[in-house]
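J.: Chain by chain, the residues run as shown.
2 protein chains.
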Amino acid sequence: MATTRHNAGGRIPPHPDIRTIGLQQVLEALVDPVRRRIVSELYATGQDLACGTIDLPVSKSTATHHFHVLREAGLIRQYYAGTSRMNALRRDEIDEAFPGLLRALVAHRDRE
Amino acid sequence: MATTRHNAGGRIPPHPDIRTIGLQQVLEALVDPVRRRIVSELYATGQDLACGTIDLPVSKSTATHHFHVLREAGLIRQYYAGTSRMNALRRDEIDEAFPGLLRALVAHRDRE
Numbered sequence: 066m067a068t069t070r071h072n073a074g075g076r077i078p079p080h081p082d083i084r085t086i087g088l089q090q091v092l093e094a095l096v097d098p099v100r101r102r103i104v105s106e107l108y109a110t111g112q113d114l115a116c117g118t119i120d121l122p123v124s125k126s127t128a129t130h131h132f133h134v135l136r137e138a139g140l141i142r143q144y145y146a147g148t149s150r151m152n153a154l155r156r157d158e159i160d161e162a163f164p165g166l167l168r169a170l171v172a173h174r175d176r177e
Numbered sequence: 066m067a068t069t070r071h072n073a074g075g076r077i078p079p080h081p082d083i084r085t086i087g088l089q090q091v092l093e094a095l096v097d098p099v100r101r102r103i104v105s106e107l108y109a110t111g112q113d114l115a116c117g118t119i120d121l122p123v124s125k126s127t128a129t130h131h132f133h134v135l136r137e138a139g140l141i142r143q144y145y146a147g148t149s150r151m152n153a154l155r156r157d158e159i160d161e162a163f164p165g166l167l168r169a170l171v172a173h174r175d176r177e
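So the sequences go chain by chain: A and B. Read in order, the letters of the first sequence correspond to residues 66 to 177 in the numbering used here. Read in order, the letters of the second sequence correspond to residues 66 to 177 in the numbering used here.
Errors might be hidden in some of the hints.
Straight-line C-alpha distance at most 25 angstroms; calculated SDA-like pairs for lysine to any residue [what the hints assert, rightly or not]:
(1) B:Lys-125 - A:Gln-89
(2) B:Lys-125 - B:Ala-115
(3) B:Lys-125 - B:Val-99
(4) B:Lys-125 - B:Ala-109
(5) A:Lys-125 - A:Arg-150
(6) A:Lys-125 - B:Gln-89
What the hints contain is simulated information worked out from the structure, not anything from laboratory work.
Generate the whole structure from the sequences, applying the supplied hints.
T.: This is how it looks when you write it as structure tokens:
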């Protein structure tokens, strides 16, 4: 429903068109292990997750920064559901722009 | 022939077992565009290449550093052929350790 997925009055900036994102920016986002963990979690669950529900070994403000970098790199889409800031992996778009990359990176989740 | 592929009296340090290399180290090596260019070149030609034959937008000493990082990350194997330091992509080993990663990264060569 449109009412449960909204931008909460502009609190979240526009998301970039993934076709304008280069591999360099995507790799710079994914080279960070915390950010890769966020992406892996979204990939593994196959669901949108609120920021607070992903267990990360960093402070809340640092986590917010990491989510920001992922959003700017076109990897996640953020929206509000009530007061929760939700995160959705832009999986189909990423797979189309960078075939195989996501799977190659998250396949190694257990070894990290 | 063994005589054309040698370590030139220990001038090249031992290469790491790729099974001891984590995805983090591999990504830190490949996030650099110059290093990705080296790997893409080796991947595309399918041949071992001397350092000097790969066109790079950096000084010789910087290039040497990049080759060093790639060797330490288990991505290339270096050896001497006469006085030329040669570079071989450890493609089969990488593909086994990190399925799909190499192809996902070099497939975007033309877009860089």
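J.: Run through the hints listed earlier and report the numbers of any the structure violates, in increasing order.
T.: none
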